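Trainee: For reference, the chains in residue letters:
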Amino acid sequence: MIEITDLTVRFGGVTPLDGMTVTFDSGTCGLIGPNGAGKTTFFNVLSGFVRPAHGSVYAFGDDLLAMPHYKRARWGLRRTFQTEQAIEELSVADNVALAHEHSRRGSRVSRRADVLGALELVGLGVAPDVKVEALGTRDRRLVEIARAVVGRPRVVLLDEPAAGLPDEETEHLGRVIRGIPEYTGALAVLVDHDMSLVSACCEKTVVLDFGKLIAAGPTATVLRDENVVRAYLGTEPVRVER
Amino acid sequence: MRRPTASQARAPATVLALLLIVVLVLPPLLSAYWIDVLTAVAIYSVVALGLNLLMGRVGLVSLGQIAVLALGGWVAAKLAFATSIPFPLVLLIAGLITLVLGTLVGLPALRLSGLYLALITLMLAGAITVVLSTTNFPNGGPGFLGHTESSFGNPSVRRPDIAGSDPGYFRFTVIVAAAMFALALWHVRSRPGRAWAAIRQSEPAALAAGVNITLYKLWAWALASFMTGVAGGLLAGSVGKLYTYQFPTRDSIILLAVVLMGGIYSLWGAVVAGGLMKLLPALLDDWGLPADLLTILFGVGVLQVLLTAPGGLAAQVPKDLARLGGALSAVVRREAARAERAPTGPAPREPAQ
Numbered sequence: 001m002i003e004i005t006d007l008t009v010r011f012g013g014v015t016p017l018d019g020m021t022v023t024f025d026s027g028t029c030g031l032i033g034p035n036g037a038g039k040t041t042f043f044n045v046l047s048g049f050v051r052p053a054h055g056s057v058y059a060f061g062d063d064l065l066a067m068p069h070y071k072r073a074r075w076g077l078r079r080t081f082q083t084e085q086a087i088e089e090l091s092v093a094d095n096v097a098l099a100h101e102h103s104r105r106g107s108r109v110s111r112r113a114d115v116l117g118a119l120e121l122v123g124l125g126v127a128p129d130v131k132v133e134a135l136g137t138r139d140r141r142l143v144e145i146a147r148a149v150v151g152r153p154r155v156v157l158l159d160e161p162a163a164g165l166p167d168e169e170t171e172h173l174g175r176v177i178r179g180i181p182e183y184t185g186a187l188a189v190l191v192d193h194d195m196s197l198v199s200a201c202c203e204k205t206v207v208l209d210f211g212k213l214i215a216a217g218p219t220a221t222v223l224r225d226e227n228v229v230r231a232y233l234g235t236e237p238v239r240v241e242r
Numbered sequence: 001m002r003r004p005t006a007s008q009a010r011a012p013a014t015v016l017a018l019l020l021i022v023v024l025v026l027p028p029l030l031s032a033y034w035i036d037v038l039t040a041v042a043i044y045s046v047v048a049l050g051l052n053l054l055m056g057r058v059g060l061v062s063l064g065q066i067a068v069l070a071l072g073g074w075v076a077a078k079l080a081f082a083t084s085i086p087f088p089l090v091l092l093i094a095g096l097i098t099l100v101l102g103t104l105v106g107l108p109a110l111r112l113s114g115l116y117l118a119l120i121t122l123m124l125a126g127a128i129t130v131v132l133s134t135t136n137f138p139n140g141g142p143g144f145l146g147h148t149e150s151s152f153g154n155p156s157v158r159r160p161d162i163a164g165s166d167p168g169y170f171r172f173t174v175i176v177a178a179a180m181f182a183l184a185l186w187h188v189r190s191r192p193g194r195a196w197a198a199i200r201q202s203e204p205a206a207l208a209a210g211v212n213i214t215l216y217k218l219w220a221w222a223l224a225s226f227m228t229g230v231a232g233g234l235l236a237g238s239v240g241k242l243y244t245y246q247f248p249t250r251d252s253i254i255l256l257a258v259v260l261m262g263g264i265y266s267l268w269g270a271v272v273a274g275g276l277m278k279l280l281p282a283l284l285d286d287w288g289l290p291a292d293l294l295t296i297l298f299g300v301g302v303l304q305v306l307l308t309a310p311g312g313l314a315a316q317v318p319k320d321l322a323r324l325g326g327a328l329s330a331v332v333r334r335e336a337a338r339a340e341r342a343p344t345g346p347a348p349r350e351p352a353q
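Chains as they are written, first to last, in our numbering: chain A, 1 to 242; chain B, 1 to 353.
For the record, the hints were derived by calculation from the structure and aren't laboratory data.
Since we're looking at a predicted model, the values are computed, not measured.
Just so it is clear, CB atoms sit at the ideal spot from N, CA and C, and this is done for glycine as well.
Keep in mind that the hints are not guaranteed to be accurate.
To be verified - A few chain B residues that face chain A, going by a derived Cβ cut-off under 10 Å, partial list only:
hint, residue
1, His187
2, Arg191
3, Gly193
4, Ala195
5, Ala197
6, Ala198
7, Arg200
8, Gln201
9, Pro204
10, Ala206
11, Ala208
12, Ile213
13, Leu215
14, Ala257
15, Tyr265
Claimed, not checked - Not close to chain B: a few residues of chain A, all C-beta gaps over 12 Å, as computed:
hint, residue
16, Ser56
17, Tyr58
18, Asp62
19, Ala73
20, Ala86
21, Ser91
22, Leu98
23, Ala134
24, Ala163
25, Asp194
26, Lys204
27, Ala216
Working from the sequences, and respecting the hints, build out all of it.
Mentor: Dropping the structure here:
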């Protein structure tokens, strides 16, 4: 469970996150909103790349903001990036092993099995010793997801994993994402613009607009919410209900 | 994590065979002059290896490596005159002390990168050179600095008992250098290598995977400094007497050029760099060509690397050889096919498609 209370981020005069208060319970949760809504900023706060002006983040009872960023990964926080960041110079297996060997929750003895297990989960159809520089975008995304799920993480953040992928590959991705909570026991948060992917993967969804939380609840309900529709279509300023 | 392929399994045997040839076959064939030159090549390969790791693996530029080498030489000379510990131990301690000093030089690397880091390391190298030009190198004199101005009858830095002669010391140097390369390979293939690869490509990705960037950058700097310090000790034993003029700051810039030309993404590149730095000038000298030619050669070489061959000679030569081999075998196959088609009489002018 992640409890976020009054989280605010300011960059000069811009406020990408404005008093966000929300709780993510378990399973896979969607996080949607128009461009510039603050979704990636929220992920960056959790990973430690952005320091919030105020607010608190407690994940499974631990104060996430008090940890240095690399320790958050060791604690069990993993993420993927909007532009994939698989390490080209390393093999597929080494990319995944990288996250495993720096996590406190994966033991050295089980490393090989864990790495192969994560690769099996994402359904990557290439040999583990192939270098990532030889792979295309889809496969690199899958390597990055394998890196995020190996070694029993507690929280997995997925930042637009389907961006730029054709529909049939997005379907495969959806199956992979649905498998994450069961495989890792982690809480996953999915950011994406593909509503069918979000509907397929997430029971609950949270909607941000201009840094403010405008809706939260079961995905189907949230997607029909008039504030959400208005935020996406942009007809008039959104009324915030708390 | 990697399943070794057939060529990877053969590689250690090739390296071992090469090492045996260099250590056993080469020395009796060469004159004292070339033994000296090759000893210098082995020593500077280790210096190049340090910069090769920093640049190629972690993406850190240092223009201060020759100053670090001088520090290693100073510490080793000091230890050799002030104590009676065995020479290999002198090398080890010189390496460890240089590790500490060199890591201090590398501290700015935690905040800076690229041009600014290069400039800072160059300035620090200049500062070290200035200090060394007043303190000079220990040469058996009294006091902490161990330097005496009298240039008559000063002892040389001792060599190991088993490697007192020049060929013997050459063998010793090659073996120590090989150990340094093995140390580097072990790092690159294991946990630090994976962390460095992540840092070099993307620091956010490294952090998100739990890599402690500060620790691994300092680790790289420490490893490079250790090797360079050991190389300094080897140099002290090789030449016997060290002088400040042997470590000009501009050599750090030349080192950067040859390391780039050798190739920063392969450890072989460091061997090539050592050759470019110390064997090439000796060859030019031997052929009666002016040494200034080197400046031009290195300039052209660096341009070539930056424009067309980022992997340097270590990557380009095998590629070109493979291409040449491919072209040759294609010619041979064509000729063979032609001969088969017309076993008697001359080959037809236009072979049927």
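Trainee: Which hints from the list above does the structure break, by number from lowest to highest?
Mentor: 1, 14, 19, 20, 21, 22
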